[in-house]
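The primary structure of each chain is shown beneath.
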Amino acid sequence: MAKILIVDDEESIRLLYSEELASDGYDIALAEDGHRLVERIEEEKPDVIVLDIKMAGYNGLDLLQSIRERFYNMPVILCSAYSMFKGDLKSMAADYYVVKSSDLSELKKKIGQALEGRTGPDA
Amino acid sequence: MSGWHEENPNKVTRAEIVVTIPTGGQARAIAFPVEKANEGLAQFFPDRKSAIIGCGYHSDNGTREAFMRVNTAVPKIYLSPPAGIKGKGPHLKNLLQKAVELDARAVIVVDVDASSITPWWIKNLCNPLFRDFGFVAPLYLQHRLQGAITNTIVYPLARSLYGRRVRQPIGGNFGISGELARLYLEDSFWDNRSSEYGIDIWLTTFAIVQGVPICQSFMGSPKAQNPPDPSDEAARLFNHVVGTLLAMLGHYEKKWQGIKWSKPTAIFGFGSGETETAPDFAVNKEKLHDRFTEGVRTMMDRWKAVLVPEVFSKLTEVADIPSDRFDFPTQLWAKVLFDYAVAFRRQADQGDDLLESLQPLYWGKVLSYVNKVDTMSTQQAEEYIEEVCLTFEETKPYLLERWTKE
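Note that the protein sequences, when read in sequence, are chains F and R. The numbering of the first sequence is the numbering used here, which starts it at 1 and goes up by one. The numbering of the second sequence is the numbering used here, which starts it at 1001 and goes up by one.
The following block holds chain R by itself, in its conformation from the complex:
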């Protein structure tokens, strides 16, 4: 890792379990996940050699000091990049490299923002890796109105493409086998968008296409995060996550084209003490509608250029529905995303413009989703999402036909 600075005061050369935390310059937030990782390793894996590795800036923002200052029984290592290296992606890549150097059998990736992390998370993300699973995705308790981008795009699209049901594929905290860590390092897809918010969906998708045994682990609590940055972060998150998803279609096209129906995974982590309930969550429906109608006002020509005539025509019908009854049919939404996937491949150099024009449609779909599930129970909302996913899977032949014709 040329140019990187490493602090390894305990001179750790091997570790069976490694908890990695891309620290992202978050000096105030870093202590908590490090404490919980230490507690989890000490409580549930006392006989296994472990290490906690942080990766972030070496500069004067105090993150490195805050990380090293946490009192832990488990030894810590801190990696700092050369000046100018930014983003979760490069940091994670080097964390994985270090984990591989240490010959780790289990690598846990912890989001520095995970303010609700408990020692049970470490146990539940790590245990399946000692039962021959290669990738462990988290399963958080979540309010039905949370996770809009996952519920309306990421889960149904990734599931229909790659054939594996990972309910929360951008959960931010994962378990990765040492073997899979090596495979990640060999893949060429460490793209710009995947270097930040897009990294999670790439990690999950890569694990699926590699065919490693995947499971999901119940975390028993909601995923609370430290307050997000200003609202334009929502646009960056959308661009990175959806941009990575669409870019991966070209990179992994041989993998997804042969898949017809999705398959489930094993689920672990039950019996982990008390289960919390998801906190209440509010959505501003008028704001969503405003963002959609702004798109109707300004983006029609761009939508017409991307969408096939039949899909565009249906979309113009949807555009007239008032906010309180707004409904964006799932099959139409699937075809919109599939048309954008084809356009993304055709005009890869205009990816940012395509994503910009897709966003208002996304806000419209979120409004439709909220209208649908607002008065539902959690179980009813999950059944609805299952129907959405099945519709995506049933509509996939449309994508295949369009993709192979291009």
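So that you can see chain F by itself, here it is in the shape it has in the complex:
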């Protein structure tokens, strides 16, 4: 089953997402911030990354840059409580942008699309 790496500094979010997505059959890995994120990705080998933007000490958009440089086709879904970061050009490097909600249907839909897209163009 596909593996999702959830990167979020809020424990309640990590818990909610991991329970809901695990119940859909996904394997889950968790990271509470961007510390050694590239190395974590190399260790965990996720199929999709769900990445928060505003984290204490870390900017998800800058982390996204690092991920994109190292893992060209890695699906990354930005997940933020704020829609304002959609206006930041750096967010274009993400596959999708989902505004946080207790209803995870949009996030799950985008995860599904991101996983389908992995059969697409490769580099």
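Calculated from the structure, these hints are not laboratory results. Because the structure is a prediction, the values reported are computed rather than measured. The reader is advised that the hints may include incorrect statements.
Computed cross-link-like contacts, BS3-like style, restricted to lysine-lysine with a CA-CA straight-line distance of at most 30 Å [stated by the list, open to error]:
#1 F:Lys-86 - F:Lys-108
#2 F:Lys-110 - R:Lys-1254
#3 R:Lys-1405 - R:Lys-1287
#4 F:Lys-86 - F:Lys-109
#5 R:Lys-1254 - R:Lys-1304
#6 F:Lys-100 - R:Lys-1285
#7 R:Lys-1285 - R:Lys-1254
#8 F:Lys-108 - R:Lys-1255
#9 F:Lys-86 - R:Lys-1049
#10 F:Lys-45 - F:Lys-3
#11 F:Lys-100 - F:Lys-3
#12 F:Lys-54 - F:Lys-86
#13 R:Lys-1255 - F:Lys-3
#14 R:Lys-1049 - F:Lys-109
#15 F:Lys-3 - F:Lys-86
#16 F:Lys-109 - R:Lys-1254
#17 F:Lys-86 - R:Lys-1372
#18 F:Lys-110 - R:Lys-1260
#19 F:Lys-108 - R:Lys-1405
#20 R:Lys-1372 - F:Lys-109
#21 F:Lys-90 - R:Lys-1304
#22 R:Lys-1314 - F:Lys-86
#23 R:Lys-1049 - R:Lys-1260
#24 F:Lys-110 - F:Lys-54
#25 F:Lys-108 - F:Lys-54
#26 R:Lys-1255 - F:Lys-109
#27 F:Lys-90 - R:Lys-1255
#28 R:Lys-1255 - R:Lys-1285
Far from chain R, some chain F residues (derived; all Cβ distances over 12 Å) [claimed, not checked]:
#29 Asp-33
#30 Arg-70
#31 Ser-83
#32 Lys-100
#33 Ser-102
Ideal Cβ positions, reconstructed from N, Cα and C, are used throughout, including at glycine.
Given the coordinates of chain F, work out where chain R should sit on it, guided by the hints.
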């Protein structure tokens, strides 16, 4: 390069970075991009061997002299074609050949018309090529009403077909790896339409279908161009760009048919000093509506011959909407373009006629787009364009079904 004349006063035989400028007979415009290319190379790549290569007419219009006269620390080479060779395509092909001869690792293509080019553009188009990217597309600041052909056709269509999100695929200025330059030269698609305005979309599409790592680089300023030629250039630009796009579907059909959803690219170039804002931009909505209604008056039979009955029927409903409320739904627009793609393949020898009949529909779509985004912020307009693109991707199965049935 048989018949071509080369001026290489510094006897350059190798260069790690090459900035190429198809000069297009633009004697008055050429000095500025050459100066900025020189500044960019000297400031950001002082330890790398570089060259600036121009390619244009050897005749008496003064372009060659203007190019060679620019005082540069970086050596210059000028290539002139035999008489009768015209168009950005052939010039670019020979520029790429020369770059490959020089064993360049990074090839920057600069539009001679780029009157807002800065040395940062050279840096931002070139740097990713030394980080193993093969193709660098520009990302300019742009007013939401600019770039109509990109926002309504080129970006959503190319993205849904080839699966890579290059926001401004006909940006005119690119970074190309030496390896990719060699691949370009081997491809057979140097078609008539792609030889002029169509060349940019072919360069971008070819890079995507080759699977080279692609990125976009923020230019930090709008792309200003020298004043365009008279208004019939808009029709030529449309024919060349859209004609190339539609012709490529047949050439690369094995590549696009297996792609379902698009993927993003890395984006570089932030922190490049001050960022400008896009200047104001005005659109004449009545003119757009007039062009569309002229098509309704004269092209109905031709539209009926191209479009499937359901799409044609929906189009007739749209035709009655008044200008101030005019709305051309995105899914309908996607199906119109997909029907034209199928017709283009079926009637390749009538491509010009097909493009002529598509144009009024395009003007109608532009009016619809302007009505939608006119009062939006830039962010809101980009979110709307993202929805347009997702609709194209979701509608792609329609194209696949029609294409495989033909």
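Quick rundown of the hints versus the structure:
no., hint, in the structure
1, F:Lys-86 - F:Lys-108, "holds, 19 Å"
2, F:Lys-110 - R:Lys-1254, "holds, 26 Å"
3, R:Lys-1405 - R:Lys-1287, "violated, 38 Å"
4, F:Lys-86 - F:Lys-109, "holds, 19 Å"
5, R:Lys-1254 - R:Lys-1304, "holds, 29 Å"
6, F:Lys-100 - R:Lys-1285, "violated, 38 Å"
7, R:Lys-1285 - R:Lys-1254, "violated, 40 Å"
8, F:Lys-108 - R:Lys-1255, "holds, 28 Å"
9, F:Lys-86 - R:Lys-1049, "violated, 40 Å"
10, F:Lys-45 - F:Lys-3, "holds, 8 Å"
11, F:Lys-100 - F:Lys-3, "holds, 20 Å"
12, F:Lys-54 - F:Lys-86, "holds, 13 Å"
13, R:Lys-1255 - F:Lys-3, "holds, 28 Å"
14, R:Lys-1049 - F:Lys-109, "violated, 50 Å"
15, F:Lys-3 - F:Lys-86, "holds, 26 Å"
16, F:Lys-109 - R:Lys-1254, "holds, 28 Å"
17, F:Lys-86 - R:Lys-1372, "holds, 19 Å"
18, F:Lys-110 - R:Lys-1260, "holds, 13 Å"
19, F:Lys-108 - R:Lys-1405, "violated, 34 Å"
20, R:Lys-1372 - F:Lys-109, "holds, 27 Å"
21, F:Lys-90 - R:Lys-1304, "violated, 43 Å"
22, R:Lys-1314 - F:Lys-86, "violated, 33 Å"
23, R:Lys-1049 - R:Lys-1260, "violated, 42 Å"
24, F:Lys-110 - F:Lys-54, "holds, 20 Å"
25, F:Lys-108 - F:Lys-54, "holds, 21 Å"
26, R:Lys-1255 - F:Lys-109, "holds, 26 Å"
27, F:Lys-90 - R:Lys-1255, "holds, 28 Å"
28, R:Lys-1255 - R:Lys-1285, "violated, 38 Å"
29, Asp-33, "holds, 22 Å"
30, Arg-70, "violated, 10 Å"
31, Ser-83, "violated, 9 Å"
32, Lys-100, "holds, 17 Å"
33, Ser-102, "holds, 23 Å"
Violated hints, in rising order: 3, 6, 7, 9, 14, 19, 21, 22, 23, 28, 30 and 31; the structure is consistent with all others.
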